[in-house]
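Undergrad: The lines below spell out each chain.
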Amino acid sequence: MIETIKGFLILTGAVFMLLAALGILRLPDLLTRMHATTKAAALGVILIMLAVAMHFGEVAVVARAFAIIVFVLMTAPVAAHVIGRAGYFVGSKLWSGTVKDELRPNYDPLTHELKSGLETDTNAVHKPRDNDPQ
Amino acid sequence: MTGAIWNLLLALAWVILSGDFSGLNLVVGLVFGYITLVLIEPQVDALAGYPGRVPRILRFIGFFIKELVQANLRVGFDILTPPWHMRPGVIAMPLAARTELEITMVANLISLTPGTLSLDVSDDRKVLYIHAMFLDDEEELRRNLKEMECRALELFR
Chain A
1 MIETIKGFLI LTGAVFMLLA ALGILRLPDL LTRMHATTKA AALGVILIML
51 AVAMHFGEVA VVARAFAIIV FVLMTAPVAA HVIGRAGYFV GSKLWSGTVK
101 DELRPNYDPL THELKSGLET DTNAVHKPRD NDPQ
Chain B
135 MTGAIWNLLL ALAWVILSGD FSGLNLVVGL VFGYITLVLI EPQVDALAGY
185 PGRVPRILRF IGFFIKELVQ ANLRVGFDIL TPPWHMRPGV IAMPLAARTE
235 LEITMVANLI SLTPGTLSLD VSDDRKVLYI HAMFLDDEEE LRRNLKEMEC
285 RALELFR
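If you read the sequences in order, they're chains A and B.
In this text, residue positions in the first sequence follow the working numbering: the first is 1, and each later residue adds one.
In this text, residue positions in the second sequence follow the working numbering: the first is 135, and each later residue adds one.
Please note: incorrect hints may appear among the correct ones.
Here are the simulated lysine to aspartate or glutamate pairs, EDC-like style, with alpha carbons at most 16 Å apart [unchecked claim]: (1) K280/B x E201/B; (2) K200/B x D271/B; (3) K100/A x D258/B; (4) K100/A x D270/B; (5) K260/B x E236/B; (6) K260/B x D29/A; (7) K100/A x E236/B; (8) K115/A x D257/B; (9) K115/A x D258/B; (10) K100/A x D29/A; (11) K93/A x E3/A.
To spell it out: a stretch of chain B is covered by chain A in this simulated footprint if at least three of its residues, at any positions, have a beta carbon under 8 Å from a beta carbon of chain A; those stretches are [unchecked claim]: (12) 165-171; (13) 179-190; (14) 224-231; (15) 280-286.
Residues on chain B that point at chain A, a partial pick, calculated with CB under 7 Å [stated by the list, open to error]: (16) T136; (17) I150; (18) G153; (19) L246; (20) Y263; (21) L269.
The set of hints was computed from the structure by calculation and includes no laboratory data.
C-beta: ideal position from N, C-alpha, C; glycine also.
Please model the entire structure based on the sequences and the hints provided.
TA: Here it is as structure tokens:
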């Protein structure tokens, strides 16, 4: 029984990683590629690590497997966000099938100011923050 | 927070006193510690709200895993079949989260569920810009995102 579960976990984990690789090749633009790579790959790592924890069943290995899962869950979305954001603002083209873009009209490429579209007259004024680049 | 520390201390005491230093016994200790804290909660002010928080966290983890697998399968299906079913786009989601920590957590959770990727927060921190892969039903997507945000915020407040 345990053997079957372990095999299933490893196989599905590997399939999700394969999907991530295929996604890089097939998907049309940067942002959709980020979707495929980070998340499918993270899920793949999680499933494989669960199988590893079940296979060894020792405290040291299980603790490390869970630490790996936690760190992957913490770092993957941050990396995806940073790469996607940088790519978008540098000007990588969106796929032609993109249906809407609510960010573009609110972004000022000269001042790098990003409005929320919810401004009233009072809070629409740009307030410099300490960490703004000079 | 105090509740979590006490729970861990009680679990450690259980492990030491029973003399069985395995991971399973630590889990048993955590469960017994939790039961003890639930029993004495009415008399100790510092523990107020702790008993309800643990089931909420567990429910949230379950909900999150369900979303993760479901959405991954959907993206996987689109990658494997030749025609594109996806309709990607960038939408603006008004944020209920206020502090930096809350916004970070919500943005990370949104990035983790496949199909949505948080792009940026507006300068006044009222709106999160999200790149979504499946905009067929924008209303439903917004509802799902809102539900995710509400559940995540419940854990902090």
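Undergrad: Against which earlier hints does the structure fall short, listed by number upward?
TA: When the structure is compared with the hints, numbers 2, 3, 6, 7, 11, 12, 13, 15, 16, 17 and 18 turn out to be violated.
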